[in-house]
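Chain U is fixed; fit chains D, X and Y onto it per the hints.
Number of protein chains: 4
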Amino acid sequence: MKQLLQVEIPIKVRFSDTDAMGVVWHGNYLRFFEDAREAFGIKYGLTYLDVYHRGYFTPIVKSSVEHKSPINYGEEVVAIAKFHPTPSAKIMFDFDILNKTTGKLSARGHTTQVFLSVVEREMELVKPPFYIEWEKSIGIKH
Amino acid sequence: MKQLLQVEIPIKVRFSDTDAMGVVWHGNYLRFFEDAREAFGIKYGLTYLDVYHRGYFTPIVKSSVEHKSPINYGEEVVAIAKFHPTPSAKIMFDFDILNKTTGKLSARGHTTQVFLSVVEREMELVKPPFYIEWEKSIGIKH
Amino acid sequence: MKQLLQVEIPIKVRFSDTDAMGVVWHGNYLRFFEDAREAFGIKYGLTYLDVYHRGYFTPIVKSSVEHKSPINYGEEVVAIAKFHPTPSAKIMFDFDILNKTTGKLSARGHTTQVFLSVVEREMELVKPPFYIEWEKSIGIKH
Amino acid sequence: MKQLLQVEIPIKVRFSDTDAMGVVWHGNYLRFFEDAREAFGIKYGLTYLDVYHRGYFTPIVKSSVEHKSPINYGEEVVAIAKFHPTPSAKIMFDFDILNKTTGKLSARGHTTQVFLSVVEREMELVKPPFYIEWEKSIGIKH
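Note that the protein sequences, when read in sequence, are chains U, D, X and Y.
Numbers given in this note's numbering equal positions in the first sequence, counted from 1, plus 5.
Numbers given in this note's numbering equal positions in the second sequence, counted from 1, plus 5.
Numbers given in this note's numbering equal positions in the third sequence, counted from 1, plus 5.
Numbers given in this note's numbering equal positions in the fourth sequence, counted from 1, plus 5.
Source of the hints: derived by calculation from the structure; they are not laboratory data.
Incorrect hints may appear among the rest.
As the list claims (entries may be wrong) - Under the rule of at most 30 Å between Cα atoms (straight-line distance), these lysine-lysine pairs were calculated in the BS3-like manner:
id	chain 1	residue 1	chain 2	residue 2
1	Y	Lys132	Y	Lys73
2	Y	Lys105	D	Lys48
3	U	Lys73	U	Lys87
4	X	Lys48	U	Lys109
5	D	Lys87	U	Lys67
6	D	Lys73	U	Lys87
7	D	Lys87	Y	Lys132
8	D	Lys73	D	Lys132
9	Y	Lys67	U	Lys17
10	D	Lys73	U	Lys95
11	Y	Lys105	Y	Lys73
12	X	Lys95	X	Lys73
13	D	Lys17	D	Lys109
14	D	Lys105	D	Lys17
15	X	Lys132	Y	Lys109
16	U	Lys67	U	Lys146
17	D	Lys109	U	Lys132
18	D	Lys109	Y	Lys48
19	D	Lys67	U	Lys67
20	X	Lys87	X	Lys73
21	Y	Lys87	D	Lys17
22	D	Lys67	X	Lys73
23	Y	Lys48	Y	Lys67
24	Y	Lys95	Y	Lys132
25	U	Lys95	X	Lys17
26	D	Lys109	Y	Lys17
27	D	Lys48	D	Lys109
Here the structure is a predicted model, which means the values were calculated and not measured.
With the rest of the complex left out, here is chain U (with noise of 0.2 Å):
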């Protein structure tokens, strides 16, 4: 079994995130997606600063999104992070940005993570014991 583990939050969409078009400029999904996965770390005891006092930094290596439909500054978003387990040394994340005030998917995208030790700034090709055993703990088998 594939185990959903995920979090919802809300967005505040700043005037600022928009552009001349009126819409949200669409770079600033990514920083959607990254307030998402923060939340998703504090959920689940995986944010920034756990890993980085393990010792790790875990840089985006790929990110992707597919834009459905525009924000207009004053709607009302959610963002979802979803997990998506993987038995390689990278944490992968889904994500689907709601626009509450349409009722429309305005967004769908992913991110992958690797590890890198903060001291030699090299990539792990394993996961790291820190993580096996946060794997564990919220139950994700591989």
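Chains D, X and Y alone, transformed into the frame defined by chain U:
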């Protein structure tokens, strides 16, 4: 034959583009793509304003980035936008971000845009006449 | 008596808000001010959209920030917007950014906005009638 | 005599710099100031990295902007940074943002930086020796 239409531009990495890992924040690569796309538009007559004056917006409906190596503040960077011909009513570009200081490929990416009429804000299902003319003018045949 | 109209909101510090010094980039404080101003608008009926629907934009014509102590990623931050009454055709706010984690004042700031008619895009030299009504409704007398 | 040390640089206005009013979002002017400050550093030997390698950060402790006229996407813009000599342990600049397309002054501004030792992260109360040397080298006397 697939035509090779591309531009290369220097990228000014701002201090504010970096994050607490000391490198350029991943979301900013979409700004570099935007700069390269716009430089392509200036070279080949397809800027945001050219298109707008023909009655269209061309919002991004898809974007993806693969990160290969980081960029530190102060490093010399160039962005290359390569026009990616397609028979569908879309504008596609592939991008390379090169770190000249390290000699490494920093990132690869892709964006897809559609045609949206400024007045109705509806997506065009076929290429607008002005765009077919433009493709002809730069030697693209399908 | 000078009326005390203010709101306090939590600020979500994004990882992308930090720079290579490891702290929140100074320009991002203007986004925090924006968030606080908008929260003030929601509380007192003067949001960007409320004003827009009355036929006005209220662009910033002046802003200033004094930085007292930095904010690190992960710290708890609040922004306070204090309405600053003025007899001139302007909207003025003073801001405090408090770092709750360190217990220190992080920054102080100020913004001044003017009234611009959406249609003519001309600056109003006197307060628009709707704004005079609004001031009365919240108890401001000059 | 007050020395006149300044640089002028072209500013690339990105589409993502605009907001839903169709003009450059006010907070982005601090990025233009940053670009001009860094160009000044390149011209006169005082870049972020020059200073960092001498053991200092120079964070912004004060910034202000006065907006005179807006910038639309596609307009030609230049930023001028003028070094503002001061006897205190601070680096001060005044800025002009000129809209060449409209021929109007778009904004005026100011930033003040202090010296922070990289190691102790403490503010210097007197000018560091390297900075006194630098001031002499460019002809500034107090």
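Comparing the hints with the structure gives:
1. Lys132(Y) / Lys73(Y): 34 Å, violated
2. Lys105(Y) / Lys48(D): Judged against 30 Å, a Cα distance of about 21 Å means the pair holds.
3. Lys73(U) / Lys87(U): Given pair Lys73(U), Lys87(U) holds - Cα atoms ~18 Å apart, limit 30 Å.
4. Lys48(X) / Lys109(U): At roughly 27 Å apart (the allowed maximum being 30 Å), Lys109(U) and Lys48(X) satisfy the hint.
5. Lys87(D) / Lys67(U): 20 Å, holds
6. Lys73(D) / Lys87(U): Holds. Lys73(D) to Lys87(U) sits at ~24 Å (cutoff 30 Å).
7. Lys87(D) / Lys132(Y): Measuring from Cα to Cα gives roughly 49 Å; hence the hint is violated.
8. Lys73(D) / Lys132(D): Measuring from Cα to Cα gives roughly 34 Å; hence the hint is violated.
9. Lys67(Y) / Lys17(U): Cα-Cα ~27 Å, so holds.
10. Lys73(D) / Lys95(U): 15 Å, holds
11. Lys105(Y) / Lys73(Y): Holds. Lys105(Y) to Lys73(Y) sits at ~14 Å (cutoff 30 Å).
12. Lys95(X) / Lys73(X): 27 Å, holds
13. Lys17(D) / Lys109(D): 17 Å, holds
14. Lys105(D) / Lys17(D): 12 Å, holds
15. Lys132(X) / Lys109(Y): Given that 30 Å is the threshold and the Cα spacing comes to 26 Å, the pair holds.
16. Lys67(U) / Lys146(U): Roughly 24 Å separates the two Cα atoms, so the pair holds.
17. Lys109(D) / Lys132(U): Roughly 26 Å separates the two Cα atoms, so the pair holds.
18. Lys109(D) / Lys48(Y): 27 Å, holds
19. Lys67(D) / Lys67(U): Since the Cα atoms of Lys67(D) and Lys67(U) sit roughly 14 Å apart, the hinted pair holds (cutoff 30 Å).
20. Lys87(X) / Lys73(X): 18 Å, holds
21. Lys87(Y) / Lys17(D): OK: Lys87(Y) and Lys17(D) at ~21 Å, within 30 Å.
22. Lys67(D) / Lys73(X): This hinted pair is violated, its Cα atoms lying about 42 Å apart.
23. Lys48(Y) / Lys67(Y): Given that 30 Å is the threshold and the Cα spacing comes to 23 Å, the pair holds.
24. Lys95(Y) / Lys132(Y): 7 Å, holds
25. Lys95(U) / Lys17(X): 26 Å, holds
26. Lys109(D) / Lys17(Y): 25 Å, holds
27. Lys48(D) / Lys109(D): Holds: Lys48(D) and Lys109(D) sit about 26 Å apart, inside 30 Å.
Hints 1, 7, 8 and 22, counting from the list given before, are not met by this structure.
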